[in-house]
Every structure is written in structure tokens, then in C-alpha cells.
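Residue numbers (my numbering), protein chains in the order written: chain X, 1 to 162; chain D, 1 to 243.
Everything labelled a hint here was simulated from the structure, so no lab data went into it. Quick reminder that beta carbons are idealized off the backbone N, C-alpha and C, glycines included. Any given hint could turn out to be false.
[To be verified] Examples of chain D residues lying across from chain X (beta carbon under 10 angstroms, computed):
{"#": "1", "residue": "Ser36"}
{"#": "2", "residue": "Asn144"}
{"#": "3", "residue": "Trp145"}
{"#": "4", "residue": "Val177"}
{"#": "5", "residue": "Gly178"}
{"#": "6", "residue": "Thr179"}
{"#": "7", "residue": "Ser180"}
{"#": "8", "residue": "Ile181"}
{"#": "9", "residue": "Tyr194"}
{"#": "10", "residue": "Arg209"}
{"#": "11", "residue": "Tyr211"}
{"#": "12", "residue": "Thr215"}
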Amino acid sequence: MDHSDKTSPSEAKPMGRRDFLTTLGWGALFASIASTGAGMIRFLFPNVLFEKPTRIRVGRPDDYSPGSVTYLESSRVFILRNDKGFRAMSAVCTHLGCTVNKDAGSNSYSCPCHGSKFDENGGVVRGPAPKSLSTCEVTLAPSGHMVVDLKSFVPPNHYFRV
Amino acid sequence: MTEIIRLLSRFITGNRVWKSVFRAESPVTERGQSESIFHNVWLHIYPVKVRKDALRFTYTFCLGGVSFLLFLLLIITGVPLMFYYVPSVEQAYGSMKDLEFVVSYGLLLRNMHRWAAHAMVITVFLHMARVFYTGSYKSPREFNWVVGVFLLALTLGLSFTGYLLPWDQLAFWAITVGTSIASYVPWLGPSFKYVLIGGNEVGQGALLRFYVLHTVVLPLAAVLMMAAHFWRIRKDGGISKPL
Chain X
1 MDHSDKTSPS EAKPMGRRDF LTTLGWGALF ASIASTGAGM IRFLFPNVLF EKPTRIRVGR
61 PDDYSPGSVT YLESSRVFIL RNDKGFRAMS AVCTHLGCTV NKDAGSNSYS CPCHGSKFDE
121 NGGVVRGPAP KSLSTCEVTL APSGHMVVDL KSFVPPNHYF RV
Chain D
1 MTEIIRLLSR FITGNRVWKS VFRAESPVTE RGQSESIFHN VWLHIYPVKV RKDALRFTYT
61 FCLGGVSFLL FLLLIITGVP LMFYYVPSVE QAYGSMKDLE FVVSYGLLLR NMHRWAAHAM
121 VITVFLHMAR VFYTGSYKSP REFNWVVGVF LLALTLGLSF TGYLLPWDQL AFWAITVGTS
181 IASYVPWLGP SFKYVLIGGN EVGQGALLRF YVLHTVVLPL AAVLMMAAHF WRIRKDGGIS
241 KPL
């Protein structure tokens, strides 16, 4: 069997049957453990979520008077209207996800959890919030209703005009 | 009277059932007494010999033991709570209120669970401080220190997962904030948050996941780690000696 070994010991010895099967066995064991583990981890990431829709209808443009700030509680978004148009400003604090409140008697916003403050355009006035409040994309549905996409963001100077 | 007691004890201990449980006679020698501890599955956690110094209350303040006692109390009070608590967003808050106002002794069990949980965080922290200040983490006890750090993390994890279960405003926002902190971890953060709360926002997925972690995964991990922790105390030569 090992005839070549005896005649030429300097040549690389081919893997014996026992070593090959041992390696194969251990390899198969670890491969199955690794793939099961990977499957277990993947299993924990849900593919279907039963969460609120992120595209929401917020009424017709005429429902909002010029210069108004309207808070839509179920969607955690402020609808701002001024002479430049409409903005949908997210009320989700950029620090740790609490809901910011509009300050009484002024156009600034503050977060009840850790004291972040934002100006009338959502820019950070006082930390710990690292970023200004996001502005969500507003579009017009064929029915004439405005639609806010809570997952699609536009720059804060971007206004929606009818 | 003594005759009655003698007959009664012979009746209890003289039969086959008793002898199948307790094979040996009551030990009379000191060696036999220590062996009866050493060979018993429930008692063998105790060392055969204890240094007198190690028993001094002001050396350990019994902090590790008190932490373990509180853990036992949390299991004893937590399991009955599971018979009434329903981990669904519609019923969680209501079943928690039922435990407080409707279920007999529910308020007592829930408050014992709550206060023992707070106390355990404190005693585990103080236990770690005691081990640090007495230098008990030094060789040969380094590994047991590491096991202890894992147990501290598990205690905090149990505290955090239990926080969501009442499903009130405090719970909701605490977990919203807490899991947002987790999402700040570089690269893996957002995925970690997603898998922890089973979605993008704290909802039914988060409640059920936290419930399973709180009642099964983390307690089981804690029990296994505690077994290793206590076993290592014995194998590292008992609790450290006061200087």
C-alpha cells in the first residue's frame, strides 16, 4: 500500500485513508454546528413585522392653516406650514428615541428624557442630541391627500409646495 | 414520654423506605460527620473545614450569600407570578394590575419580586466591591472574578428585561431608550437592536422576547454560572483569608 513511501521518502506523503476520514468527520461536525448556529441566529431576525405603516395620510393641504404647527400623535410627527410650504418634522429625538414636545409659547422643541432642545427648524440648540430632528418626505396622493413617509428623509430646507 | 418518642423515631427511621434514602446510620465520629456532609449532593457545597477568620461577619458582610438568597427568593416569587402574567401587549398591563388588586397575595409576591430585584443589584455590586477591596480577585481566584463579572452582567440583564414586563409608560420608554443605547454599538448596533426587540420599535415582539429572556434564558445562564462560581470558591481554597 505505502509502496511509494518506502521507495522515495523525500516525496510528500499523500494523506492516508484514516487521516482523510478523520478530517472529513471533524470537518462535517464543525460545519454542521456552524451552519446550525448561523441558522439559529438568522431565525431570530423576523422577516415579517406587524408594525404601524410608515407611509401615512395626513389630510389635505387646506387642513393646515399657514404658520401652524400640528402634532400628529399616532405617527410622532409635526406638520409645519409656513410661507415656503409644508414640512413633516419627526418628533423622534435623535438621541435615544423619546418623543420631543413643542414648548408652550415658543416654536422650540424639547425632549423630556435627557433635556435636548431644538429650534423651530429642528436644529440642535442643546445636547445631548447629536443631530437635528429629521424631516420626512411629503408627497401628494392622487386623492389630494398629503402622504408622509416616516422612513424617507429629505434635507431640513426642503419644503413641500402644493 | 421518652419511650413514645423512641418508638416513633424507630417507626420512622427503621423502615425500608427511610433506609433506601439514608443509607448510612447517623455518623458518630468527626470523620463520619464531615463525610456525611461531603457525600451529600445538597450539602457538599459546604466546605469540610472553615477557617474561623472567614466566618467574621465584617470580612464578607455575607454579600455573596445574600445575593444568592435574593436570587432564590426571585425564583420562588417569580414562578407564581408567571401563572397570572400574560406577555401580550393587550393583556400585560392588565394582568400586572390584576396581580396587584385582584389576586390573593399577588401584591405581596409582586412587590417581593420587585424589591428583591432592586436589592440583588445592590448586593451584587457591593459583593464585587468587597471582593475588590479585600484583594480576593488575586491568584488563584482570577477566573472566579471573571465568572463573577458575567454574573453581574446577567443580574443587570435580568433587571433590564424585567423592567419592560409591566408594559406601562415607564417600561416602554425605558426600553426604547435602553435599546437605542445598544444601537450605538459600531457596525453591529442597529442589528443588535433589531434582534433584541424583534422589530424596529418596542412592541409585541420586544415584550415576548424580553419575557423569554427574563424567565428562561437569563435565569438558566445565571444558575449555570453560579454553579461554576460556587464550585470555584471551593476549588480555589475557600473564601480568601483576611490579612
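Verification of the hints:
{"no.": "1", "hint": "Ser36", "in the structure": "violated (43 angstroms)"}
{"no.": "2", "hint": "Asn144", "in the structure": "violated (28 angstroms)"}
{"no.": "3", "hint": "Trp145", "in the structure": "violated (29 angstroms)"}
{"no.": "4", "hint": "Val177", "in the structure": "holds (4 angstroms)"}
{"no.": "5", "hint": "Gly178", "in the structure": "holds (8 angstroms)"}
{"no.": "6", "hint": "Thr179", "in the structure": "holds (8 angstroms)"}
{"no.": "7", "hint": "Ser180", "in the structure": "holds (4 angstroms)"}
{"no.": "8", "hint": "Ile181", "in the structure": "holds (6 angstroms)"}
{"no.": "9", "hint": "Tyr194", "in the structure": "holds (7 angstroms)"}
{"no.": "10", "hint": "Arg209", "in the structure": "holds (9 angstroms)"}
{"no.": "11", "hint": "Tyr211", "in the structure": "violated (15 angstroms)"}
{"no.": "12", "hint": "Thr215", "in the structure": "violated (17 angstroms)"}
Checked against the numbered hints above, the structure violates hints 1, 2, 3, 11 and 12; every other hint is satisfied.
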